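Engineer: Same order as they appear, the protein sequences are chains A and B. Each residue of the first sequence is one higher than the one before, counting from 1 in the working numbering. Each residue of the second sequence is one higher than the one before, counting from 1001 in the working numbering.
No lab work stands behind these hints: they were computed from the structure. A few of these clues could be false.
[Stated by the list, open to error] Residues of chain B clear of chain A, computed beta-carbon distances all greater than 10 Å: (1) Gln1016; (2) Ala1049; (3) Val1059; (4) Trp1116; (5) Trp1193; (6) Asn1231; (7) Val1232; (8) Met1245; (9) Ser1282; (10) Ile1331.
[Said to hold, decoys possible] Here are the computed lysine to aspartate or glutamate pairs in the EDC-like style, where the Cα-Cα straight-line distance is at most 20 Å: (11) A:Lys92 - B:Glu1241; (12) A:Lys92 - B:Glu1238; (13) A:Lys79 - A:Asp28; (14) A:Lys217 - A:Asp195; (15) A:Lys92 - B:Asp1354.
[As the list claims (entries may be wrong)] FRET-style restraints, in silico, Cβ to Cβ: (16) A:Asn2 - B:Glu1241: 30 to 40 Å; (17) B:Ser1153 - A:Tyr233: 47 to 57 Å; (18) A:Asp67 - B:Ala1352: 50 to 60 Å; (19) B:Phe1136 - A:His194: 37 to 47 Å; (20) B:Thr1351 - A:His194: 38 to 48 Å; (21) B:Gly1140 - A:Gln86: 47 to 57 Å; (22) B:Ala1111 - A:Ala111: 47 to 57 Å.
Here the structure is a predicted model, which is why all the values come from computation and not from measurement. A virtual CB, placed ideally from N, CA and C, is assigned to each residue, including glycine.
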Amino acid sequence: MNPILEVSKLNKSFGGVTVARDIDFVLDAGAMHCLIGPNGAGKSSFFRLLLGEHAPDSGAIRFSGDDITALRSFERIRKGISVKFQVPGIFKALSVRQNLEVAFQHHLHGASLGGTIRRVLEFTNLTGEAATHAGVLSHGQQQWLEIGMAVGVEPKLLLLDEPTAGMSPDETRKTGEMLHELNARGITILAVEHDMAFVQQIADSVTVLHMGAIFAKGSIDEITEHPGVQEIYLGAADE
Amino acid sequence: MRRLELPDASEAPARQGLRLWLSRLEGPQTMGRGPGFWVAAALAVAAAAAYPAFANDYVVGNAAYFLVWTFMAMGLGVVWGYGGALSFGQTAFFGLAGYTYGVITINIGSAFGATWLALLLSVALGGIFALLIGYFMFYGRIKGVFIGIVTLSVTLVLETFMAQTAGPQWRIGEARLNGFNGMSGMPPLTVPWFGGDVLLYAGTTLYYVLLGMVVLVYMGLRMLLNAPFGNVLVAIRENPERAEMLGYDIRLYQMLAFGLGGALAGTSGVLYTAWGQYITPSSMGLTSAALPIVWVAVGGRRDITATLLGCLLVIAGFQSLTIYGSQYALIVMGVLLVFTVLVTPNGLIYTAMDRVGRLFGEARR
Ligand SMILES: Nc1ncnc2c1ncn2[C@@H]1O[C@H](COP(=O)(O)OP(=O)(O)O)[C@@H](O)[C@H]1O
Ligand SMILES: [Mg+2]
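Isolated chain A, as found in the complex (with noise of 0.2 Å):
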């Protein structure tokens, strides 16, 4: 398989605290890996990082073969990546329909941008919210709403931090089979996930982070049975 992602020694601190520490990772294209571990495990860091939004202290973040590590953040997501927040970046003083103009209007033009915008808001159960001011949506819709937004324009890669959060087990299961819809169109997948009944739909391999290090790696079986991962989930929630 050919690498989409490619994370070499990559470090990052924020004074006393190690958010990412040595980190190797690699993607493959096609892949779809849920990233797991305790609360402050540095998860959603690791995102900022990839994204641009922080800048590591050392270490290289290769994406499609090109090197994206001195890229601003729109240069990277214009190379073909998108994201999905874990607390929901929607416009929310903005309707939804411009929430998701906004979201594709820079690929997509005329009849194509219209389109998609009318099937995202199919898909995502908004067609009647469609005016409604994104603020005023539940907390599942927000999500669907940022999904929508995230999976539109159709990414090389999606990013997405806990996509279920807040969702019933009827959305959750819902989310899995989008998310493996558009992995059959060849978008790879890397989430961030607690449930770990959702990551078992969704992924064929799991990388544990813990204290900004890569833990384990492998398949699910082979985390869920792992003693130490049980361990650091349980030392967490001691804490």
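Given chain A's structure and the hints, the job is docking chain B with the ligands onto it.
Structural biologist: Showing chain B with the ligands alone in chain A's frame:
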């Protein structure tokens, strides 16, 4: 399997070219849509056009003076209301363009439509200067209140500089800058015409020219604000980090909006100078710099129509109060600003339009 990308064959063909732009006269970024709104707008323009028939030339010239300022107000509306960057220094571009108009026209005269060339060059210079300031601010990641501080500093520096140009050595060609007393003697806008140039002194003809310009700029801005550019600008105001994570170079958008605001402030500066054949450094001073913020805040910064109407209303009010003394009028402006911020933070006109729109159920979104 549902597909998210390719359009259906059944998709309506996209509007293109002029029709696409005309369709953007209405949209989520501007209040007012449907026949009701446009009939009201046409009636307002018709009333403004009929007005000179009922007033003498002096009074009409005074009304033209109100129109002069609307461009700077609409520009600030774009920069602040839509783009989220509160500029305290639009008067820098106003003054720069006004002085430039004076320098050019005093040197090359007004024959063959030269005053219009001077207008274009001066407005362009105002815009370019704003792009430059915008470049340093936005690419330097200056944000929030610091934008106000930087822009205010720029206009005050320009004021201070111009105020010390009294000596005879401060001249550009024929044009004396004249320090604190200001520059005068430039020609008004002049239209070349058969049998002799038409000089647009403050009066009915100038009023019509300005009215036409206001309508054109207002419609142009409506289209721009409802175009992808306006969408992104508003998205940046709402959540800049997210906008960047959708692939937009937010610094570029903010800089371009700031340049547009500068060009519009420059338009007001040129028209002001041509209207009274006069400009002084105090047009870039603290009081002058604060007034556009009052107009835009009181009218409503988040809608271009509210900004335009608010500006006209506040200036007309200010003008009638000045009869009782300009200090007094300024205090009333201050009170009005505080009242607006506390009671209708979105602006008086904006709130009123919003209410009316809800009543008719068509003016909004
Ligand atoms: N900008 C920052 N400044 C200082 N500390 C930070 C910053 N961002 C994250 N952290 C810290 O880094 C650690 C990892 O955070 P985060 O990446 O959000 O973890 P996770 O997403 O795995 O729960 C936490 O202890 C958090 O407090
Ligand atoms: Mg997190």
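Engineer: Indicate, hint by hint, whether the structure satisfies it.
Structural biologist: How the hints compare with the structure:
Not every CB of chain A lies more than 10 Å from the CB of Gln1016 (chain B), the least distance being 7 Å, so the non-interface label is violated. Listed as outside the interface, Ala1049 (chain B) is consistent with that label: its C-beta sits roughly 35 Å from the nearest C-beta of chain A, beyond the 10 Å cut-off. Taking the minimum C-beta to C-beta distance to chain A, about 42 Å, the non-interface status of Val1059 (chain B) holds against the 10 Å cut. In this structure Trp1116 (chain B) is separated from chain A by more than 10 Å, as the shortest Cβ-Cβ distance comes to about 36 Å.
Every C-beta of chain A lies more than 10 Å from that of Trp1193 (chain B), the closest at about 44 Å, which supports listing it as non-interface. Against chain A, the non-interface label of Asn1231 (chain B) is violated: not every CB pair exceeds 10 Å, the least being about 5 Å. Interface exclusion of Val1232 (chain B) from chain A breaks down, the closest Cβ pair being 6 Å apart, not more than 10 Å. Some Cβ of chain A comes within 10 Å of the Cβ of Met1245 (chain B); the nearest lies about 6 Å off, and the non-interface call is violated.
Every CB of chain A lies more than 10 Å from the CB of Ser1282 (chain B), the least distance being 38 Å, so the non-interface label holds. The beta carbon of Ile1331 (chain B) is kept farther than 10 Å from every beta carbon of chain A, the shortest such distance being approximately 34 Å. A C-alpha spacing of about 14 Å is found between Lys92 (chain A) and Glu1241 (chain B), which places the hinted pair at or below 20 Å, so the restraint holds. Our distance criterion of 20 Å between C-alpha atoms is met by Lys92 (chain A) and Glu1238 (chain B), whose separation comes to about 7 Å.
Note on Lys79 (chain A) and Asp28 (chain A): the hinted pairing holds, with a Cα-Cα distance of about 16 Å set against a maximum of 20 Å. For the hint pairing Lys217 (chain A) with Asp195 (chain A), the CA-to-CA distance comes to about 17 Å; that is within 20 Å, so the pair holds. At most 20 Å may separate the alpha-carbon atoms for a hinted pair to count; Lys92 (chain A) and Asp1354 (chain B) meet this at roughly 19 Å. Taking the beta carbon of each, Asn2 (chain A) and Glu1241 (chain B) are about 31 Å apart, inside 30 to 40 Å as hinted.
At roughly 54 Å, the beta carbons of Ser1153 (chain B) and Tyr233 (chain A) sit within the given window of 47 to 57 Å. At about 55 Å, the CB distance of Asp67 (chain A) to Ala1352 (chain B) agrees with the hint of 50 to 60 Å. Range check, Phe1136 (chain B) to His194 (chain A): about 44 Å between beta-carbon atoms, so the 37 to 47 Å window is met. Under the hint 38 to 48 Å, the C-beta atoms of Thr1351 (chain B) and His194 (chain A), about 44 Å apart, fit the expected range.
Restraint check, Gly1140 (chain B) to Gln86 (chain A): a C-beta distance of roughly 29 Å breaks the suggested window 47 to 57 Å. A hinted range of 47 to 57 Å holds for the C-beta pair Ala1111 (chain B) and Ala111 (chain A), which are about 51 Å apart.
Violation of the numbered hints given earlier is confined to hints 1, 6, 7, 8 and 21; the remaining hints are satisfied by the structure.
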